[in-house]
Amino acid sequence: MDSKNSHISLEQLRYARFLQWGSRCGLLVLVLSFLGYVSGVIPPHVPLDELQTIWGLPLSEYLARTHTPTGWNWLQLATRGDMANLVGIAILCASSLVCLLVVIPVYARRGDRIFVVLCILAILVQVLAASGILNVGH
Amino acid sequence: MFVGVLSASIRVLKANAVVLWLAVSFCAASAFAADALPVTSAMPWWVLPLGLFITSFLLGIVAVPSGVGGGVLFVPIVGGFFPFHLDFVRGAGLLVALASALAAGPSLLRGGLADLRLALPMAVLASASAIGGAMVGLAIPANLVQIALGTTILGIVTLMAMAKKSEFPDVPVPDRLAVALSMNGIFHDAARAQNINWQVHRTGTGLLLFLGIGFLAGLFGMGAGWANVPVLNLLMGAPLKVSAGTSSFILTLVDSSAAWIYLNKGAVLAIVTVPSVIGMMLGATIGARLLHVLKASVVRKMVISLLLFAGIRALLKGLGIWI
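In order, the protein sequences belong to chains A and L. For the first sequence, this note's numbering begins at 483 and goes up steadily by one. For the second sequence, this note's numbering begins at 15 and goes up steadily by one.
One thing to keep in mind: the hints can contain errors.
Computed spacing ranges between beta-carbons, pair by pair [said to hold, decoys possible]: (1) A:Leu510 <-> L:Trp60: 46 to 52 Å; (2) A:Thr561 <-> L:Ile154: 31 to 37 Å; (3) A:Gly553 <-> L:Trp336: 18 to 24 Å; (4) A:Ala546 <-> L:Gly334: 21 to 27 Å; (5) A:Ala590 <-> L:Trp336: 54 to 60 Å; (6) A:Ile596 <-> L:Ala205: 32 to 38 Å; (7) L:Val187 <-> A:His489: 17 to 23 Å; (8) A:Ala590 <-> L:Leu225: 24 to 30 Å.
I should point out that these hints are in silico values taken from the structure, not numbers from a laboratory. In this text, a Cβ means the ideal position worked out from N, Cα and C, and glycines have one as well.
If we strip away everything but chain A, and leave its shape as in the complex, we get (with noise of 0.2 Å):
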């Protein structure tokens, strides 16, 4: 560590780590997907032809008319060109939840339960948005 950054706290230094490592992984499979799916070599759920006369529908519009699936079952067509962005967006979105995983036994072994809260809190808001389970619509 730099002497002039020594103040920075162990975990600071570890959720920075694992955000990196967190955001890159997302930012390739991102990329290599996105590749994959304009170059035709994955077939996508909705045609790229088709879907420029679509993409101004309503969500729910949309959702109905290309029987594309809500919440997690969108992992079901993860094969498809289109579909497989969403696993490289899932992974850039879930980096933080791993970040506060790993800083949390640093907090407990200096005994700062207030932070460990802060950060069981978090997770659960993450968690709670990631679960599908808040079901809203047009």
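Once you have looked at the hints, place chain L on chain A.
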């Protein structure tokens, strides 16, 4: 010799300002063109995604020197001038803001410009309310969201034009909550080559404001740096650089929670999202390099003008006056 160097520097600045103005104009013009183009199956599918990539790239260039997040520029401009439905644009906007924040996050944390202790309490509340914002945004009609977006953008323009900044605010005594949460730290200011001690106050009010900020971020699908920084810096008294860095880091949590809602609801289209994310990140890389040669105040004025235009457009589109 000094005069020669000075006049050369001025020429460089002027040239950069002209180039950027052209870039922003091109951005608006291309968006207009995209809007005007009939969307038929005869048009190759890649035309609009390519236009989106170019627009995001140009927005990324101006986003860094102007000090606003890319997501704030992206949603009103792409939502106003491209034919994609606003739900998909907001989904992409969140991912644009998230990817930019994730890319910057690790170095901000390592450099001490983002502070985990300052960020976490704010982020917990803001990410919870961002879920609510995303749910409301996806539940109400798109024209209402457009009207609210236009109004908010015009509010941001006012805030940007009037807000002051304080590089090292004076915080004589931290409040009890800040003490309990140990919201203080040291950061190394490279410009001054010294370590700066900081602490915050008015933490309770700050937490309440972050509830509202998170809601807006989820509702409109844009990063909320425009609101985070004034709250952290002007209200709570964190140094400007720590406020900017911590604001960016908070977005990694806030935008993640809102993005999950859009993703699970099917409002993330790869063909809209990925060119935007890549374009914005490439543009931001160039914007960061230009930071040293561009005159930030000129770029800031351009961005304010662009946002004013996009805000009026969103408002009129929502009201059905300028479809």
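To see whether the hints hold, each was checked on the structure:
1. A:Leu510 <-> L:Trp60: 46 to 52 Å: Because 23 Å falls outside the window, the suggested range is violated.
2. A:Thr561 <-> L:Ile154: 31 to 37 Å: With Cβ atoms ~35 Å apart, the hint holds.
3. A:Gly553 <-> L:Trp336: 18 to 24 Å: violated (36 Å)
4. A:Ala546 <-> L:Gly334: 21 to 27 Å: holds (25 Å)
5. A:Ala590 <-> L:Trp336: 54 to 60 Å: Cβ of Ala590 of chain A to Cβ of Trp336 of chain L: about 56 Å, so the range 54 to 60 Å holds.
6. A:Ile596 <-> L:Ala205: 32 to 38 Å: holds (33 Å)
7. L:Val187 <-> A:His489: 17 to 23 Å: At roughly 22 Å between Cβ atoms, His489 of chain A and Val187 of chain L fall inside 17 to 23 Å, so the hint holds.
8. A:Ala590 <-> L:Leu225: 24 to 30 Å: Since the Cβ atoms of Ala590 of chain A and Leu225 of chain L sit about 27 Å apart, the hinted range of 24 to 30 Å holds.
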